Structures are given as C-alpha cells and as structure tokens.
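Undergrad: Here is how the chains run, residue by residue.
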Amino acid sequence: MQMAVCPMFRLASFLFLMSSLSVSAEPGYYGYGKPASAEEVAGWDIDVRPDGLGLPDGSGSVEDGEWIYEEQCAECHGSFGEGVGRYPALAGGEGTLTDDRPHRTVGSYWPHASTLWDYIHRAMPYTAPESLEDDEVYALTAYVLYLNDLVEDDFVLDRESFKDVVLPNNRSFFRDDRPDTSNTRCMENCKDPSSIVITSMVAAPPPVQAAPEPVAVANETGLATYRKACALCHDGGIGGAPTLGDAEAWAQRQKKGISTLMANAINGFQGEDGVMPPKGGFLALSNEEVEAAVNYMLEQN
Amino acid sequence: MDDKSKKLAPAELNRRKFLMNSMGLVGGAAVAKTAMAEEAFLPPAVPSWTRSLGPGVLTNPYGQPSKFEAHVQRRNVEWLTADKIASISFTPLADLKGIITPSGLVFERYHAGIPEIDPSKHRLMIHGMVSNPIILTMDDLMRFPSVSRIRFLECPANGGMEWRGAQMEGVQFTHGMLSCCEWTGVLLSTILEEVGVDPRASWILAEGADGSHMSRSIPMEKALDDAMIVYAQNGEMLRPEQGYPVRLINPGWEGNTCVKWLRRLEIGDKPWYHREETSKYTDLLADGRAREFTYEQECNSVITSPSPEKPLSGKGKGKGKYWVEGLAWSGRGRIKHVDISFDGGVSWREAKFTSVVEPKSLTRFGIEWDWDGSPAMLQSRSVDETGYVQPTYAQLRAARGTNSIYHKNAIHTWKVNADGSVSNVQIS
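Sequences listed follow chains A and B, in order. By the numbering used here, the letter at position 290 of the first sequence is numbered 290, and the numbering carries on one by one without gaps. To convert, count from 1 in the second sequence and add 1000; that's the numbering used here.
Just so you know, these hints were derived from the structure itself, not from any lab. Treat the hints with care, as some may be off.
Capping the alpha-carbon separation at 25 Å, the derived lysine to aspartate or glutamate pairs in DMTMM-like fashion look like this [what the hints assert, rightly or not]: (1) B:1222 to A:177; (2) B:1310 to B:1095; (3) B:1084 to B:1241; (4) B:1280 to B:1221; (5) B:1084 to A:288; (6) A:163 to A:130; (7) B:1321 to A:39; (8) B:1121 to B:1095; (9) B:1084 to A:273; (10) B:1280 to A:45; (11) B:1270 to A:57; (12) B:1280 to A:180; (13) B:1121 to A:39; (14) B:1319 to B:1372; (15) B:1121 to A:289; (16) B:1280 to A:149; (17) B:1270 to A:164; (18) A:228 to B:1241; (19) A:163 to A:188; (20) B:1222 to A:39; (21) B:1280 to A:100; (22) B:1222 to A:45; (23) B:1352 to B:1368; (24) B:1270 to A:176.
Keep in mind that this is a model prediction, so the values were computed, not measured.
Chain A on its own, in the form it takes in the complex (with noise of 0.2 Å):
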C-alpha cells in the first residue's frame, strides 16, 4: 500500500545512497519509463501488512464466508480445512509444533492474520487467482479463522475488528541468529573409526536409464494443452470433473454435441458436478488450443 510520501526527502535520500554507493546519482537521472499515476499504483498495489496497512473498505461474516468456501475452496481444502490429498490444510494442528510429526497451520502456527487476507486475495482460488471481491476475501479470512476456533460463529470481519485478531503462534518466531553451529576443520583422527554406524541408506539406485524415444502423438497440442491447463482437474476429478479415460462419463456429455462440449470448455459451465472455469482458468490459451485440448480428452475413451 501507498505510504505517505516525504516532499522533502528527494536532497535527504540522494545524501543517504551517496553514503551507502560508490556510484551515485540524482533522482529521475535518466528518466526512464513513465510516472506512475495514483490510478496505476492503486491497480496492481495488493499487499497487505500486520498492522493492517493495506486493507480495503468492506467486511465479511463467518456465515457468509461458509458459503462462500464450500463453493469454491473446500474440493481441495475440505470442509474443516483438513486438507484433501497432498492440497494444505488450514486448520488443526494446535499444540503440535514440537511433535514429533508438527503440523503446520494458520492456525498451529502462522504468525499474523493480515498473511490470510493478503493470500487469499492474491493467490486463492488456485485456479482463479485475484478473482475474489474484498467482501468475499473477508469472508473467507473470517471463515478460516472460524475453522481454527480463533473466532466466534458471529464474527464480522472488517478493517476495525482486524485489529483484535491475535493469533496464539504469534510471539514463537525470531530473526534470524544464525550460524548457530561451530565445525572445526579437523584434518586427521577426527574421530574414532569404530565409532562409525550407518544409521540410514538407500540402497544404489539401478544405472539411469536414456529418457524413451518420444512417442509421436497425433494430437501435440492437444496433449500439451491438457497438461499445462486441464490435468490439474481432469486427471483426478477435482471439484467434480469428468476424468480423463472415464469412458462412460465422457459418452454421457458427448450426446451434448461437440461443438457444445468445445463452447463449455472455452466460456466455461457452471454442470450440475462443478464449476468449469473458462479455458480451465489459463485465459491466455487460444480457442484452437483449448479444442485441441477437447479432442485430446475424447481420444483417451
């Protein structure tokens, strides 16, 4: 976010490079590039801080965020945030972090609840990214929170009510004191051979083997389109996707029509099983490729 701006400092920050750079020079020296407007900054200026610098007009409710995290975060998430197969879970795990095994939540351990709104908002949904409102991405910290019993059922969230947020892992993290071993490089007897026990092994791997002639595929693009934009879906039926090779899902839709399938596929379909996410989310796929795509999926039957 914007910080207020010293009009003074543009002598005060030229001194203070000089101090710290051999070479040095003026603001605006080469006058590269274009000033950048409010508007621009205010486009592209996401982070948000511990102290809550950054934060946008708007609030959200755990109620709200349910609905909200059930649609579109819990097929990978799970409904406690217990996490589905190898996809994080974000809840649980409290009192575990000197377990033998810790396990690693928002939670168990993340330090600042400005981190959760700030993620969301700029990474989550994985496949739709940034496509979350304020509100929403309000509702969702809150709902997360909720889930890792830091917040109440009732629990609005909202710039003020930010600033009560404490999370318990809060005061357990410290900068970095390192180097926090000492060897000495010894150079003879130094240590006593007998002493000496294998205590774990892989056994030697067999010789690695030339990579296999590429098998030609008919169908490149299509293939390389599908695992670049499809596979993560389609490949284990994530969030209700008919999956690759499922002979009799892929009959089914295919009594749509082709061209029906292909128009989903490219503008997206809200099915009865899940969303469809335009172009499986990778917007700057092009329509030929996205059919490609298509035609591979229907091949594998």
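Following the hints, position chain B against chain A.
TA: Same frame as chain A, but now just chain B:
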C-alpha cells in the same frame, strides 16, 4: 554409396549384410547395435560418420544437445507436491561440468505454473516511499547500465527431505534444487537511486506477475548491496521458467526471494510477513520457536562423482585411480577450502579448485583417489571466506532438531560399495 562399399572394412561390410538381412525383424536393431559397437566403429575400422556427410547449417536454428545426452534431464519427485503447477523439478547435477548450469536444466519452482508473458506487454512498477514512482517497460529497463555476474540459485528446501535420514536415490534429488548461471541485468541500487528512496524506508516488497503474485520482503540493505534485476541468463534472455522477461536475483539468498516475472517493487518501512515468509520459508526448531527471514544459504558442498548416478564402473570398474569431483557454494561469499574424506570423516585431504572461485557462486573441486576396491564412505566439507565450516548432521540436528525443512547444509555421505555402486547413507 554402394559403389563405395569396396572401401569398407570387412567387418563393416558384414554388418551391412547383416542389417539388410534383419531388416524388419524385431530385435534386429539391438543385435546390430552390439555388432556395430564391437566390429565396425573401432580402430582399425573407420566408422561410417567419418566417411559421409552430416546435415548442414540451420538443421537446428536453435541448437539442441546431442540425442545421446537425452538422459540429462530435470526430474521431479511425484509425491512432494499435489500437482505440477505448484511444484519443483531438480537439476541433474551428476551430469553437469564446470559451474554454469545450462539454462534448460536450471531447476524449476513455481506456485501457479509458468505465465506466458509478451515482453512488450510487461511492466515493472516501482512505488511506495519514493519521490518518483515509475513504471518501466522492458526497453526502459534495458537502457540502464548493466552488469553480468555468475551466482548460484538454490531453493532453501534443497535437501530438505533428508533431515530425518537418507531418503533420496541420487544427487539430483538430494542436492538438485541448485543451479548457477551468469545473470545479466541492472543493479537494484541503480533503480532505487533513480526513483529516490525516502531515507526512512527500510524494506522492499518484490512481487511477481504470475497467478500466485509471489511476494517477498527484502531488506533495504540487501537491495543496496548486490541485488540485481535480471533479464538475461547465460548470454540470452531468461527462460520462461526462470521468470521471462524479468526477475530479481538476491545473490546467495533463498531462491524464493529471487521473485520471477517481477512486476512490482514497493518501498516501505516494515516487512510484510506474507505467506512465503511465515507459513513457508521459516525454520521451525525443536523447541517450537521458528527463525524468520533466514535469507542466507549457508556454506554447503556435495560430491557429484562418484554418486548414485555415477558409479565406479565401466572400464575402470574395481580398484584403481579415480577423479573425485563435486560442487561447493556459500551465500556468504567465496569458498575457501573443500576437504574430502574417504573414511567417513576420520581423516581429510584438501581438494583442488578446478573452476574460477567467485563469491556466492558454485565452485568446482576435484581430488585424485586411489581406490583399493573395498567399501568406502566419501564426504566433502567446505569452508567459506567467513571461516564457517560446513556442519555435520549431528551438529545441525543438535542446533535445530529435524523439523526445519529448510536450510539443511550438513556434510553428505556417499557409500561406495565393493561393486562400484554408490548409496546415499547417513552415518553417526
């Protein structure tokens, strides 16, 4: 060609007949291959490629490695991540020479896949506590005075799977989140002078243009010291996987801070504590506390040959003289010494440097070894110019426990077995 067959060595002639006869037969090629290797290619015979013409210029307008090097590839570990979009691949260290990692083999780490960015549409915004907030095009950026420096790039999770014990099969997976390139770009300090930084400013947020909007807080001290905004790597524009058209390089620091597809630098007076500097890239200790902003990659080394991928085999199998080599690096400066032990750390001999020794760069070392053919425990131990000595596993675990994930730089052990194969082991 056929009229020249009289000039062929007799063995080559036989092979040709054999090939004709076996045409269309499954398995023929394999047999022929053996026959070729043993009969026609070795002196005194003259191989066919020495007596014919090859393809001409521009067969590959952008050259590719020989097809016989097809095994030299980045690889991943399927179970590490949920999918390939937010994932990592490893550099095949055992097959590389010198200290420069070819651009196509630099390890990959993304959080939202590789964005496809047209450089003419890319913009870098610099704003916050500055007197002249600006927006630069790539052309603007490339007009600034440039520098080129050889620096390593390492993911702080490199080797993180080995905290509890030996787990990975080869050096590609134990140490391959590591690469080294010549990077070309503009010093961040040059850009900061241009925008005029408020003297009260002390932190910079770097942010990517990919879907994850990757973001890290960088202290002003580093920005003014040696941070670079780079657009080229190994003499050509960055690879898409490496942040094309522009990324940050913080020499010697966690790879994650070297934000790719850089779109924004915000100057501020406090760190932002974003996800990649709280949930991730903090180092949990045994007592439940955690270190934050652990930027430096401490002094480390590994033997790349022999290694599981490079057993002592082939013609030289069994006892005899071997050239043992590997890589050392430190985020705090130059490598000063690398010592090698062949007996699990009882005695050590100093290795030679066989590359240039640049600060915060990979440094290649080598040492001759006369193997007596019995099982041996090989280790390398590096020392950097600050005097820091690479720690043992015991020392590192005593200081941190086993749940830190990041910054594991312990002395690594390869066990050379009597048959010349090499296993990843940890020893007391």
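Undergrad: So which of those numbered hints doesn't the model satisfy?
TA: Failing hints, ascending: 7, 8, 19, 20.
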